[in-house]
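Undergrad: Chain S: place on chain C using the hints.
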Amino acid sequence: GILSRKMSIDTYNGSSMIGMIGKDCIAIASDTRLGVQLKTIDTNFKKVFKATDHCLIGMTGLATDVQTLASVFRYKTHLYKLREGEEIRASTFSNLVATTLYEKRLGPYFADPIVAGLEKDHKTGKIVPVLATYDLIGCYQKCSNFAVGGTSQNMLYGACESYWKENMEPDELFEVISQCLFSSMDRDCLSGWGAEVYILTPEKLIVKRLKSRMDQF
Amino acid sequence: EDIEMSYLEELNMGGFTTENTARNEVLAQKGFDVKSRCVKTGTTIAAMIFKDGVILGADTRATAGEIVADKNCEKIHYMAPNIHCLGAGTAADCEHVTLMMSRKLELFTLNTGIEARVEMAATQLANYLFNYGGHIGAYLILGGIDVSGPKVVQVYADGCKTYLPFIATGSGSLGATAVLETDFKEDMTKEEAMKIMVKAIEAGVYHDMGSGSNVDLCVITKEGAQHYRNYVSKNKKEFEMKDIYKFQKKPEVLSTKEIPISSLIVEEGDQPMELQLN
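The listed protein sequences correspond, in order, to chains C and S. For this note's numbering, add 167 to where a residue sits in the first sequence, where the first one is 1. For this note's numbering, add 16 to where a residue sits in the second sequence, where the first one is 1.
Here chain C stands alone, though its shape is the one from the complex:
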């Protein structure tokens, strides 16, 4: 029957996530479903975490490893602050994520992170968005436009390729990232049940909860 169907590690819990670069801002959006194969058990599950004021990390994949890695990164960023006396920068944090994942090369965590942050170039003073995506063993890919992950990854690629444009203001960025997430999430049985969008600008972090279809598995 349908419940005895064997599912793989990546589709055990289900998720959808996008990171997108705008003009001096960056956004990361994710669904909020937590499922166990075809059963939904939580509709308010957090998958995007704050590393510092200027850097967010969202993770897709096996939910237990998402939460474990969130603790590992919280621990490492706090130790960094104690040792160095300042918050870790977004580009340094994105490197830390790659090495943390590669430490477990021979027995990996089944989570694929997306790091989204902002930092200031100390020579020119310009705001530089930092967007990076990784596979489960830390293949660090710097992205200049968007990064996607989760069970609806293939559909998200298509949606983002069509609608992403360069130099979007925060409002436009919010609109585009939400529309891309919804059009892919609605076609994926394993993600949905609500969405959260985080828009990071140099002055503030805007967190929006969106209304979505409530009829996934």
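Hints listed in this document are in silico derivations from the structure and should not be mistaken for laboratory results. Any given hint could be a false lead.
Here are the simulated DSS-like cross-link-like pairs (lysine-lysine), alpha carbons at most 25 Å apart as the crow flies [as the list claims (entries may be wrong)]: (1) K258/S to K215/S; (2) K190/C to K252/S; (3) K213/C to K309/C; (4) K332/C to K252/S; (5) K273/S to K217/C; (6) K332/C to K265/S; (7) K375/C to K253/S; (8) K248/C to K371/C; (9) K213/C to K266/S; (10) K262/S to K378/C; (11) K87/S to K211/S; (12) K262/S to K332/C; (13) K332/C to K87/S; (14) K265/S to K190/C; (15) K309/C to K253/S; (16) K309/C to K273/S; (17) K250/S to K87/S; (18) K46/S to K206/C; (19) K262/S to K375/C; (20) K46/S to K375/C; (21) K190/C to K287/C; (22) K258/S to K332/C; (23) K206/C to K332/C; (24) K332/C to K266/S.
TA: Quick look at chain S alone, frame taken from chain C:
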């Protein structure tokens, strides 16, 4: 007062840890399809010796299964000022192994004052990869010029290394090798060599599904390494929308929270930082 931080001594300070292996094995036994989901660089990479040095060429596509994960990734990695490296196989392994080796070479140069040698890098890589029995999937081509002349070496994940005048590796290597076998000759000029390398990589780009997008080149001579990022870029997106698409229906927002954050700090030299622990 001195804070007792002896637990810091026991922290893992780099290197592989194997805490998850037992759990992952149990998951595999329970019937979970624990497939490898690593990004692979199904790729076309090639290197060739010419009169004044070596030339390295690569495509720029990174794949995750059948999906193109990155349309313009960089496959020519820096190892030393006179040595560069191309990687195929598991992308994370290529990247991290190359980084580790380049740091070892840097330390060697700092300690002895001697320029790094291709043979040294190749031997150390081959020994390291052999110890892991091929499980670290790094299939590398090293190219560089040192006191003993220009050298091109192929180091495979199981630990073998081969010195050749020209090499191509990756899923598109069949096309590239065919071109190199036909057109390679000894003592080519830089222009001739670049033309042939572009032809070889393009053979992979157009005939192999795992390779695509642009062609990157790197020419290493006694003067140093010169990069030609996206030297040939004929595969651009055909149709681009001019403006932002006007969506018919706006997303419905249930709640908005605006959290003010501290301002981005620009480092200004020696400034004592106040440590605030909250």
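Undergrad: Are the hints correct? Go through all of them and say.
TA: Hint check results:
At roughly 34 Å between alpha-carbon atoms, K258/S and K215/S are farther apart than 25 Å, so this suggested pair is violated. Restraint check: the Cα-Cα separation between K190/C and K252/S comes to about 23 Å, which is no more than 25 Å; the hinted pair holds. Between K213/C and K309/C the alpha-carbon distance is near 24 Å, which keeps this suggested pair within the 25 Å criterion. This hinted pair checks out: K332/C and K252/S have alpha carbons roughly 15 Å apart, not beyond 25 Å.
Proposed proximity of K273/S and K217/C is supported: the alpha carbons are some 15 Å apart, at most 25 Å. For the suggested pair K332/C and K265/S, the alpha carbons sit about 19 Å apart, so the restraint of at most 25 Å is met. For the hint pairing K375/C with K253/S, the CA-to-CA distance comes to about 32 Å; that exceeds 25 Å, so the pair is violated. Simply put, K248/C and K371/C have alpha-carbon atoms about 21 Å apart, close enough for the 25 Å limit, and the pair holds.
Annotation: proposed proximity of K213/C to K266/S holds, straight-line Cα distance about 24 Å (limit 25 Å). In summary, the hint linking K262/S to K378/C is supported, as the alpha carbons are separated by about 20 Å, within the 25 Å threshold. Restraint check for K87/S and K211/S: the C-alpha separation of about 23 Å stays at or below 25 Å, so the hint holds. The suggested pairing of K262/S with K332/C holds, with an alpha-carbon distance near 12 Å, which does not exceed 25 Å.
Restraint check: the Cα-Cα separation between K332/C and K87/S comes to about 16 Å, which is no more than 25 Å; the hinted pair holds. Taken as a hint, the K265/S and K190/C pair is honoured in the structure, with Cα atoms around 24 Å apart against an allowance of 25 Å. Pair hint K309/C plus K253/S holds up; C-alpha atoms about 20 Å apart against a cutoff of 25 Å. This hinted pair does not check out: K309/C and K273/S have alpha carbons roughly 29 Å apart, beyond 25 Å.
For the hint linking K250/S to K87/S, the alpha-carbon distance of about 13 Å falls within 25 Å, and the restraint holds. Using a Cα cut-off of 25 Å, the hinted pair K46/S and K206/C holds, with the two alpha carbons roughly 19 Å apart. Among the hinted pairs, K262/S with K375/C is consistent with the structure: their alpha-carbon atoms are about 21 Å apart, no more than 25 Å. Restraint check for K46/S and K375/C: not satisfied, since their Cα atoms lie roughly 39 Å apart, outside the 25 Å limit.
Between K190/C and K287/C the alpha-carbon distance is near 13 Å, which keeps this suggested pair within the 25 Å criterion. Note on K258/S and K332/C: the hinted pairing holds, with a Cα-Cα distance of about 9 Å set against a maximum of 25 Å. Of the pairs offered as hints, the one joining K206/C and K332/C is violated, with about 37 Å between alpha carbons and a cut-off of 25 Å exceeded. About 18 Å separates the Cα atoms of K332/C and K266/S, which keeps this hinted pair within 25 Å; it holds.
Going down the numbered hints, you'll see the structure goes against 1, 7, 16, 20 and 23, while the others check out.
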